[in-house]
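S.K.: Sequence:
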Amino acid sequence: MSKIKRWMMLSVTVFAFVFAGGFPSAIARSNRDLAKLERVGELTNQGMEAYKRNDIEKAASLWREALLIDPDNQRLQIFLNQIASELEKAKVARQGRESAERQQKEATLRLDEKVALIETKEGTKLRDFLNTLSFVTGMNFFVTHGADLPIVAKFEDKALREILDAITQPYSLAWAVKGNVVTLSPVWRTRTWR
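Numbered according to this note's numbering, the sequence shown spans residues 1 to 194.
Watch out, some of these pointers could steer you wrong.
Dumping the calculated DSS-like pairs for lysine-lysine here, alpha-carbon to alpha-carbon at most 25 Å [as the list claims (entries may be wrong)]:
1) K121 to K154
2) K178 to K89
3) K178 to K114
Simulated from the structure, these hints should not be mistaken for lab results.
Sequences and hints are given; from them, build the entire structure.
M.R.: What follows is the structure in structure tokens.
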């Protein structure tokens, strides 16, 4: 083979090697793989920190994200399998909290809704008045022991909050809202006489 043919073959080989993904491509792939591994490591560590803080859902989310980058990572798959039951409990607890918050917001909004007209006759017990008010407003009322007094009242175009204040203050009662339930109870005060 002549020198020119060798030179041409060598040139074509080098040309093909460089432009077809030779060393620079291998280095680039290596750098991408290294960056992926670093990202997987970061996500795994962040997931561990979240798990230590008892934020199971965040930990699982971070580990799943890492698995998208490195689907063959058995360590992450084991972590996710081990926390599956904890994750389910955390989801149920979160849904319960969200439901309670939603009910509390709805109840707060209902307290500001106006009641067109509600009135009682003399001798009506507080419990009976609240049953009528419950029918009108959709709220549930609970009267504790010692709070079921006779009441005479007439309210026209008043917010539920105003009605509750008006019927509780004269009788030394207090009201509190939790979820969809308004609880009325006596305010016990002690006085010391000298």
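S.K.: Now look at each hint and say whether the structure bears it out.
M.R.: Now the hints, each set against the structure:
no.	hint	result
1	K121 to K154	holds (9 Å)
2	K178 to K89	holds (24 Å)
3	K178 to K114	holds (20 Å)
Consistency with the previously given hints is maintained throughout, with no hint failing.
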